[in-house]
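These protein sequence lines are chains R and V, in that order.
So for the first sequence, this note's numbering puts the first residue at 9; every next one is plus one.
So for the second sequence, this note's numbering puts the first residue at 9; every next one is plus one.
These are calculated hints, taken from the structure and not from any lab test.
Treat each hint with caution, since some may be false.
One copy or two, it doesn't matter: identical chains are merged, so the pair holds either way.
No farther apart than 30 Å at their CA atoms in a straight line, the calculated lysine-lysine pairs in the DSS-like style are these [unchecked claim]:
# : residue 1 : residue 2
1 : Lys67     : Lys101
2 : Lys87     : Lys36
3 : Lys39     : Lys82
4 : Lys62     : Lys82
5 : Lys39     : Lys88
6 : Lys87     : Lys28
7 : Lys39     : Lys87
8 : Lys88     : Lys100
9 : Lys24     : Lys101
2 protein chains.
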Amino acid sequence: MANTNNDINSVFIGNKPFMKYVTAVILKLNKGDVVIKARGKWITRAVDVAEVIKNDFIKDTEVTDVKIGSEEIKINENKKKRLSTIDLILSKKDK
Amino acid sequence: MANTNNDINSVFIGNKPFMKYVTAVILKLNKGDVVIKARGKWITRAVDVAEVIKNDFIKDTEVTDVKIGSEEIKINENKKKRLSTIDLILSKKDK
């Protein structure tokens with residue numbers, strides 16, 4: 009199945025080494041805005057990735073939008089769990 | 009020292025029981041917008057508090073703004089650590 013445009017510019021944060029995510033976002037920033045996505049306990053890490061890029065790597069980027077939400081995860085037949093989600097939109101500033 | 013207006017309407021998320029924060033925010037919502045603040049590992053919890061209030065307790069609230077940032081914490085004489093921060097602004101919708 010072909011990637012949607014949304015997939016191409018998203019980075020989903022998980023348990024890989026921190027700098028892998030920083031590098032992935034920086035590479036994608038050359039092509040346009042990037043959406044840093046995370047859910048549950050990875051939300052803090054998503055904010056860290058955005059802050060490190062903005063402060064240490066590419067100073068002319070900014071977080072243009074932050075969205076929070078919830079997702080329902082089915083644990084088993086009878087049990088559901090709600091997980092918080094975050095979307096951070098990172099853009100290069102106009103020069 | 010007198011509280012600033014900002015202090016009165018802020019709830020700072022930490023390691024107290026989760027529902028304490030939910031209750032504190034709900035009470036303050038009667039007086040106006042509330043800023044849910046957290047840093048470091050508590051960021052995920054701040055998002056959870058906002059989502060639980062919005063989805064389970066007061067359906068006519070919405071997250072009107074989310075700000076992320078960084079703070080420098082001095083660990084000792086020579087060492088500093090950067091901590092990410094989040095501010096979530098929760099408002100009651102106009103009826």
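Under a CA distance limit of 30 Å, which applies to lysine 24 and lysine 101: within one copy, between copies, both, or neither? within (28 Å within a copy, 39 Å between copies)
Taking 30 Å as the upper bound on the Cα-Cα distance, should lysine 39 and lysine 87 be classified as within, between, both, or neither? neither (41 Å within a copy, 36 Å between copies)
Is it within a copy, between copies, both, or neither that the alpha carbon of lysine 39 lies no farther than 30 Å from that of lysine 82? neither (35 Å within a copy, 37 Å between copies)
At 30 Å max between alpha carbons, let me know whether lysine 88 reaches lysine 100 within a copy, between copies, both or neither. Intra 39 Å, inter 28 Å, cutoff 30 Å: inter-copy only.
Within, between, both or neither, where lysine 39 and lysine 88 count as close if Cα-Cα is 30 Å or less: Neither, since 38 Å and 34 Å both go past 30 Å.
Checking lysine 87 and lysine 28: alpha-carbon separation at most 30 Å within a copy, between copies, both or neither? between (34 Å within a copy, 25 Å between copies)
Given identical chains, is lysine 62 near lysine 82, meaning Cα to Cα at most 30 Å, within a copy, between copies, both, or neither? between (36 Å within a copy, 21 Å between copies)
Should lysine 67 paired with lysine 101 be assigned to within, between, both, or neither, using CA atoms and 30 Å as the limit? within (9 Å within a copy, 36 Å between copies)
How would you label the pair lysine 87, lysine 36 (within, between, both, or neither) given a Cα cut-off of 30 Å? neither (37 Å within a copy, 32 Å between copies)
Of the numbered hints stated above, those contradicted by the structure are hints 2, 3, 5, 7, listed in ascending order.
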